[in-house]
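Those sequence lines, one after another, are chains A and B.
Whatever position you read off the first sequence (first residue = 1), add 29 for my numbering.
Whatever position you read off the second sequence (first residue = 1), add 267 for my numbering.
Keep in mind that a hint or two might mislead.
As the list claims (entries may be wrong) - Taking CB as the label site, the calculated pair distances span:
no.	chain 1	residue 1	chain 2	residue 2	range
1	A	Lys395	B	Cys666	14 to 24 Å
2	A	Thr355	B	Arg283	36 to 46 Å
3	A	Thr338	B	Lys290	38 to 48 Å
4	A	Glu207	B	His834	48 to 58 Å
5	B	Asp831	A	Glu426	53 to 63 Å
6	A	Arg270	B	Glu1219	22 to 32 Å
7	B	Lys1205	A	Thr338	31 to 41 Å
8	A	Ala225	B	Asn1230	34 to 44 Å
Unchecked claim - Far from chain A, some chain B residues (derived; all Cβ distances over 12 Å):
no.	residue
9	Thr419
10	Arg562
11	Gln644
12	Gly663
13	Leu837
14	Ala1097
15	Leu1237
In short, the hints are calculated from the structure, not lab data.
The beta-carbon is built from N, C-alpha and C at its ideal position, and this holds for glycine as well.
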Amino acid sequence: MIHSLFLINCSGDIFLEKHWKSVVSQSVCDYFFEAQEKAADVENVPPVISTPHHYLISIYRDKLFFVSVIQTEVPPLFVIEFLHRVADTFQDYFGECSEAAIKDNVVIVYELLEEMLDNGFPLATESNILKELIKPPTILRSVVNSITGSSNVGDTLPTGQLSNIPWRRAGVKYTNNEAYFDVVEEIDAIIDKSGATVFAEIQGVIDACIKLSGMPDLSLSFMNPRLLDDVSFHPCIRFKRWESERVLSFIPPDGNFRLISYRVSSQNLVAIPVYVKHSISFKENSSAGRFDITIGPKQNMGKTIEGITVTVHMPKVVLNMNLTPTQGSYTFDPVTKVLTWDVGKITPQKLPSLKGLVNLQSGAPKPEENPSLNIQFRIQQLAISGLKVNRLDMYGEKYKPFKGVKYVTKAGKFQVRT
Amino acid sequence: MLESNKDSAKLDAMKRIVGMIAKGKNASELFPAVVKNVASKNIEIKKLVYVYLVRYAEEQQDLALLSISTFQRALKDPNQLIRASALRVLSSIRVPIIVPIMMLAIKEASADLSPYVRKNAAHAIQKLYSLDPDQKEMLIEVIEKLLKDKSTLVAGSVVMAFEEVCPDRIDLIHKNYRKLCNLLVDVEEWGQVVIIHMLTRYARTQFVSPWKEDDGLEDNEKNFYESDDEQKEKTDQKKKPYTMDPDHRLLIRNTKPLLQSRNAAVVMAVAQLYWHISPKSEAGIISKSLVRLLRSNREVQYIVLQNIATMSIQRKGLFEPYLKSFYVRSTDPTMIKTLKLEILTNLANEANISTLLREFQTYVKSQDKQFAAATIQTIGRCATNISEVTDTCLNGLVCLLSNRDEIVVAESVVVIKKLLQMQPVQHGEIIKHMAKLLDSITVPVARASILWLIGENCERVPVIAPDVLRKMAKSFTNEDDLVKLQILNLAAKLYLTNSKQTKLLTQYILNLGKYDQNYDIRDRTRFIRQLIVPNEKSGALSKYAKKIFLAQKPAPLLESPFKDRDHFQLGTLSHTLNTKATGYLELSNWPEVAPDPSVRDVEVVELAKELIPAGKAKKENPAKKFYSESEEEEESSDSSSDSESESGSESGEEGDSSEDSSEDSSSEQDSESGSESKGENKRTAKRNSKIKEESDSEDGEKENEKSKTSNSSNAESSSIEESSSDSESESESESEIESESRKVTKEREKKTKQDRNPLAKDISLLDLDDFNPVSTPVALPTPALSPSLIADLEGLNLSTSSSVISVSTPVFVPMKTHVLLHRMSGKGLAAHYFFPRQPCIFGDKMVSVQITLNNTTDQKIANIHIGEKKLPIGMQIHVFNPIESLEPEGSITVSMGIDFCDSTQTASFQLCTKDDCFNVNIQPPVGELLLPVAMSEKDFKKEQGMLTGMNETSTVIITAPQNFTPSVILQKVVNVANVGVVPSGQDNIHRFAAKTVHSGSLMLLTVELKEGSTAQLIINTEKTVIGSVLLRELKPVLSQG
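From just these sequences and the hints, can you work out the full model?
Okay, here's the thing in structure tokens:
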């Protein structure tokens, strides 16, 4: 399946290559560079490229290209999903998935890739298993290793690999047994000029951090499970229980993982927590324009909205912006033409606004379309859909775990057209 | 350093070497020194040496042989990890000499006790095959052995090997088909993808098509390459009712949970499986999951959108509800934007085009000009596809002509040209406007388009055409080749129609063309000159010159670029690239006749229990649809017998030591389904007898009764059968022949049942519990059901999802009728409908509607039936039985069921008579979407407590105090909505409870009387939309005097 993998940085250097079958020359990447050049923008490089003898499937993550070489028919999503899993694993091991981190840990990267794929077919991709096979680098361990000469590589087969719950390792022990769940909901919305909602939906995830000894069997139930319209599960969840009782029952992996992600049924109206008043105008035949936006709370369920950031991709003809915020600070990057306004919290007494002048390139025609505003915000202790965790029960172990649920609502792809 | 005695030094050296390999530098000269360390005790050194060896062994074959003995020793190691990794490295060394050693190792490893080693053996098969294809036969033997493996770990890898080595040996799969289907959920995700793709191909060769012929213009399109006689055979087949092979059903059912996978590849694989092999009616569930994937990263979006684009061409309905999910954001990369646009175009229809056009307007202004241009093309396509909006689109495009951006203008010109060509209407104004544009616009394609348009319509714009030609003649030498060709065309056309004014100009242009640098243009010039300029040599052709040049040209078809992709299997690389990738395996067409299904029967005894769910799949599914909730009730009452059977089958299994949880779960499900269907059968019998009584009193036709008894006895016999199969799973000693024969009889039974179906339409109420995948309209026995029968049936049909909710009878049934079809518009046929507020007998999610038909003409109206239905997504109608004839002045009442999906959207359908069809629609008042619920005050408060916050809506009502007597409130509320009264302890609070018909969500209504003449009305429900609509309707009713 996957023949080879090349890691390429932004400036087009191939800094790592790995082959699972016979060696494919680096020159195959030339086709990729060609496509990259044609696409102009990194975002626009087609994920699947056909070359005379091979097919290249690539992903772009954290300013790196993961380019895999394929020789025969394979579902492209299979490869894409796997490459993302590789990137996730690097992230997990080194804290970041960057060129420097990978170069520093080239041996571990190689060992990981060797374990993850055999003959191009995925072998072990669960991070719990990989961590038993190859220990993640820590400063302490590298010191100890250099003194004692012991290795990073486990010499027994991880038990998880053989059991039918491959995501959990055996013999987990904690002194403090804890299970935390974060219910994170994101509002995706497109708001049109007049403030009407063109499209809005709520996407949520439940991330779990579980540190429990032994083999706990958990079941999580909701007050209002009917809200969940479409759900995707971590493999640990028993589908049958969910179908019949709407209860999440599972033996959790150890550590952090994403339990479910869900979409709230579109029949329910989505509350939009903020509104934006805007007036952006560019004058004809003059090199100036006006820019004025105000943000206010709306349907926020009595909670404060924090962490508001407004990002605007200004048109190319904008040279500079001269603005005064009543709150927070703003930056304008004249190269990428991105305006970022870090607002912070909204206090209803005094609504934050950003006003000022826009300098345009003189002589150039005024832009026809006003830029759309991308808004980020966060509301703590609220799941906007109204989803509530009812209870968490544990079976199979004697001790009493410490449990906690946290709710947070964020803006997802929240866009206001102006 | 490699020579050093210290491990740490060696390790350090190896790390550096690996670093070199990673960078792609050549480290092969170190080979001898590295190979020596292959036997190192340090496991990390060893691993790194393996890495090195695999990389360079191919180049240094002789030296690599030195290491082989180490691996052979390691293959016997007690540690399974070491055995596995030795096999991995050994098989990765691409040295032809060791092929026999590898073969031996693979054979041994495939019998290893550890599934992990067996998994590696499966991988090794592919490696050996690519090294030496001659070993194929031997390898197939190993694959065959490994396919029988019951471990979930091995399944994925061996199927992968199968796909690579011998994808055509479908016979190897037969015996393992059911096992693979049942294991699927527990296989690791990568294996799932491979297995699902393989099973899709398998299903396409082994089962007959579940696609109904009549829903199939698209089908025919799909199978257009099939020869005619095949088509004929298909229509022949149509006569036989189609029953789905239980194994086919098994596959579809077992893959369904995987739609919920977190792995996009798995979801896509299931989606394509549903697309390619499931009945069309069931494929709907994939759209939700695919839309979910759009939240994923850019690459996944790209692939998924491509697949959706292909699907949306063939079946718009699938993705229509998610239209808004495809709206473009300004931050999307261009390739995603264009794909979304493509899908939006495919989904456009009369209903949504106005919203879409508004959306497109935003896109046209986008800063991303490439995208704006694509949008214009899209508008053009919408304009041609939907004739209603053609003019609107055209006007919009003309407005765009004054846009400042040249690319936008150019694109608009091209699209307008295409549109005008399609509409031979007079559009002189537009053409004149475009002629003016010629002065300013510079994009060659647009200029060429304008010239072509003028030439084509030169008779309509006689004044400007020669003028344009004059201008063009001036600038001819500086034009692009494309434009030059069009100038020549224009000149020729004008010469033919208006030679007086343009003769000289044409001569001049032809002369210019003669000495052009481009040979195409010289060629064209020569051709035109010969054709149009009369001279003595010119042959017969010049007479026809006018016909040749000014012939009616067929309008171009604006088609989706994804139109031709559907012959590739979805989700494959070939589909993405739209070319056949190496190793792409064609998805075969459905066979005409299914190959013998018995090949999949397994002779192993313990697999007999897997046969049962397969055989039962038929029964189970429809049962779920019809009685899903009441079953639970039944189950709980029968719990003792249930637990018995469950424990029985489980204890039977414990003997199987090798079972893992998957088998456990499947057996659980077995026993569950067993008990379920048992309960069901009991009920069937009960119900049959009830209905018998009922219809006895109503009409005593003997024939009817006879068939009924036979039917109920049938059901009885099948229940016996089922129980025997249950006991079989306990005993586990049934021989294959028996199970075989049982199946055959079952099948025969089913067939006879179905044969009877069309004969005895009157009794088809009984047939409801027969599974009938072809959704033939099930008929109603008597026009109006007597209320007592409904009351009898009630107990069976009503859902009781929790102990609190039990449905009660309606408090009040308003006799208000609504006009469905007025006699004036219905050519004498009048129809009224009202909501009897009875639970629907056709399905527990449906609202029952009674329709009274009146014949006001003086002739018989024959064959009254429901024709084409235009329903919003998800909505279903259970139609009434066609009425053969209605006497003059006669009237007849029929019942039908409509599943409104808890929305007040109208259900539109056609009411047809023999000669006419009338479009009618039913819009339910929100109060009719409810079923009354009886609950105690305590339960009410508890439920209300759970439905606060966003789920609560309230309002204040002001009215005269005399309206606040309990009876008045009760009467007003139940008049509007079908709710049940909850006994209240307080005088000033009135409570009502109901649940929505479709989803069964609670709807709690509270009227709290306050001081003075105010009252508060509170509605608590999960369905906030319905809640607020109901609130709005109740408020005026309660406040008026």
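Status of the hints after comparison with the structure:
no., hint, verdict
1, Lys395(A) x Cys666(B): 14 to 24 Å, "holds, 18 Å"
2, Thr355(A) x Arg283(B): 36 to 46 Å, "violated, 58 Å"
3, Thr338(A) x Lys290(B): 38 to 48 Å, "holds, 40 Å"
4, Glu207(A) x His834(B): 48 to 58 Å, "holds, 54 Å"
5, Asp831(B) x Glu426(A): 53 to 63 Å, "holds, 58 Å"
6, Arg270(A) x Glu1219(B): 22 to 32 Å, "holds, 30 Å"
7, Lys1205(B) x Thr338(A): 31 to 41 Å, "violated, 48 Å"
8, Ala225(A) x Asn1230(B): 34 to 44 Å, "holds, 38 Å"
9, Thr419, "violated, 6 Å"
10, Arg562, "violated, 6 Å"
11, Gln644, "holds, 19 Å"
12, Gly663, "holds, 15 Å"
13, Leu837, "violated, 9 Å"
14, Ala1097, "holds, 35 Å"
15, Leu1237, "holds, 29 Å"
Against the hints set out earlier in the document, violations occur for numbers 2, 7, 9, 10 and 13.
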